[in-house]
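Since the structure of chain A is already known, use the hints to place chain B on it.
Residue numbers (this note's numbering), protein chains in the order written: chain A, 1 to 375; chain B, 1 to 129.
For the record, the hints were derived by calculation from the structure and aren't laboratory data. Hints may be right or wrong, so weigh each one.
[What the hints assert, rightly or not] With a cut-off of at most 30 Å between alpha-carbon atoms, the simulated DSS-like pairs for lysine-lysine come out as follows: (1) A:Lys92 / A:Lys309; (2) B:Lys17 / A:Lys301; (3) A:Lys273 / A:Lys94; (4) B:Lys5 / B:Lys104; (5) B:Lys5 / B:Lys52; (6) B:Lys17 / B:Lys52; (7) A:Lys301 / B:Lys104; (8) A:Lys362 / A:Lys92; (9) B:Lys52 / B:Lys11; (10) B:Lys104 / B:Lys52; (11) B:Lys11 / A:Lys301; (12) B:Lys5 / A:Lys301.
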Amino acid sequence: MPASPFFYVWDPMTAAALLHTPLAAAHRALGARMVDFAGWEMPLHYGSQIEEHRAVRRAAGVFDVSHMLAVDITGDSARAYLGRMLANDVAKLKTPGQALYSCLLNEAGGVLDDLITYWRGDEHFRLVLNAGTAERDCAWLESHLEAAPLRIEPRRDLAILAVQGPHAREKTWGAIPAIRAATAQLAQFQAAEVGAMFIGRTGYTGEDGFEIVLPRDDAAAVWGALLAEGVAPAGLGARDTLRLEAGMNLYGQDMDETVTPEESGLAWTVALKEAREFVGRRALEARTPTRRLLGLVLIDKGIMRGHQKVRCAAGEGEVTSGGFSPTLNRSIALVRVPRAVAPDDEVEVEVRGNWLRARVVKPPFVRHGKILARI
Amino acid sequence: MTTPKDLKYTKNHEWVKAEPDGTVMVGITFHAQEQLGDVVFVQSPEVGRTLKQGEECAVIESVKAAADIYAPVSGEVVAVNQEVADQPERVNQDPYAAWMFRLKPSAPGELEALLDANGYEKIAAEDKH
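Okay, chain A solo, but in the shape it has when bound (with noise of 0.2 Å):
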């Protein structure tokens, strides 16, 4: 084999300079494979990636997503102005708590990132954005503040955990008792806040189950409780194929600046509606998308990845995240296509120098354990 990339070499000058979690220790010690996710040292795998992806499917695991930065805004003029920034209208957050789904655009109607915004209350709301892309994000969000008193607030001295999978909810309660009863009616896609913790019935695996955020120093004693329960620790490779199946973007892959959420399979979280002014809002009106995100399932031998080229009837495409679906034991990708392309189509897919035939499907592949696509 060659030197590849995959064949991560520990590098001592990048490694002191890479980011860590609270957690990192907890990691090696379960030996842990680290690698650099977007700056941070972070877990790949405990072991095996396709056990830990079983867990969650079946039982319940636990991620340390600490390198996502939760961002506090509060101020009078908080509601007013993520409703200028925000692709998806916070007018929706209606009850304390709530969650909403959005993409954070650029003035061309590009993706900058996407986000989940969950309202605390009065003019008080959490963002949590990617690692990769927090910084910019702040930037972005810091320089189009008006004059109005508002508070931009990253809040690092913040942990994450997502906990996850059918028996998650259960687990945690039983690692955390002290939540239950504020979290137990809580709904899909609502958080609830227990004393410094913040709890939401979030995640990005296509299961049930919670999206803990809470301090930093909290986070080892929370996650020993959690492993103590049989919470599997997963690491990112498992987050993956998991937000894949689920059919779920991850940023900078499936989409970024060059690209609409209508391309992106997202044009669900875009509040057209109302007269509401938001960057991006113009551009999108003015813009006809020509592609669009679809799911592929490999029907013959081998394993698509990112980046290689699609051949459909009305046009060329490309993959933007493929891999290997231990649900549906097959090879599955998220692909840009022709906007022609539809659900059933059969396309073909260059891998490693050959064509291979794939269905075409709207994700998600699987949810809540169940396999939606058609093999």
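What follows is chain B alone, placed relative to chain A:
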């Protein structure tokens, strides 16, 4: 895991085992499968194909990436391991038993010139750190 002393190795992380019938079996090392992570697809060369040493001839794909396999010695492919094609996880479970294909070498000197266990361990150690 210890590197078996009775095998030969390449710097590309393949092991080669000489069989009594004069053929050689080819697989990937413990270190290679550890670097790759869970193996999910193995594609061996067709039986009957003639390979030159160093020629790209097979693919192993893991959850993480694809890795090319090069012919460790020149020769003709005389068998492929269907069990490993059907159960790619065998490569992780028992890398030194999970042979991918068998070659009938055409240039015997090449086999002798491959690395021994000690030589390979040094390369694997450098690769790690």
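Hint-by-hint comparison with the structure:
1. A:Lys92 / A:Lys309: 39 Å, violated
2. B:Lys17 / A:Lys301: Answer holds: lysine 17 of chain B to lysine 301 of chain A is near 28 Å, not above 30 Å.
3. A:Lys273 / A:Lys94: 17 Å, holds
4. B:Lys5 / B:Lys104: 22 Å, holds
5. B:Lys5 / B:Lys52: Holds, at roughly 25 Å.
6. B:Lys17 / B:Lys52: 18 Å, holds
7. A:Lys301 / B:Lys104: 27 Å, holds
8. A:Lys362 / A:Lys92: 26 Å, holds
9. B:Lys52 / B:Lys11: 16 Å, holds
10. B:Lys104 / B:Lys52: 12 Å, holds
11. B:Lys11 / A:Lys301: Answer holds: lysine 11 of chain B to lysine 301 of chain A is near 28 Å, not above 30 Å.
12. B:Lys5 / A:Lys301: 35 Å, violated
In terms of the numbered hints stated before, the structure departs from hints 1 and 12, listed from lowest to highest.
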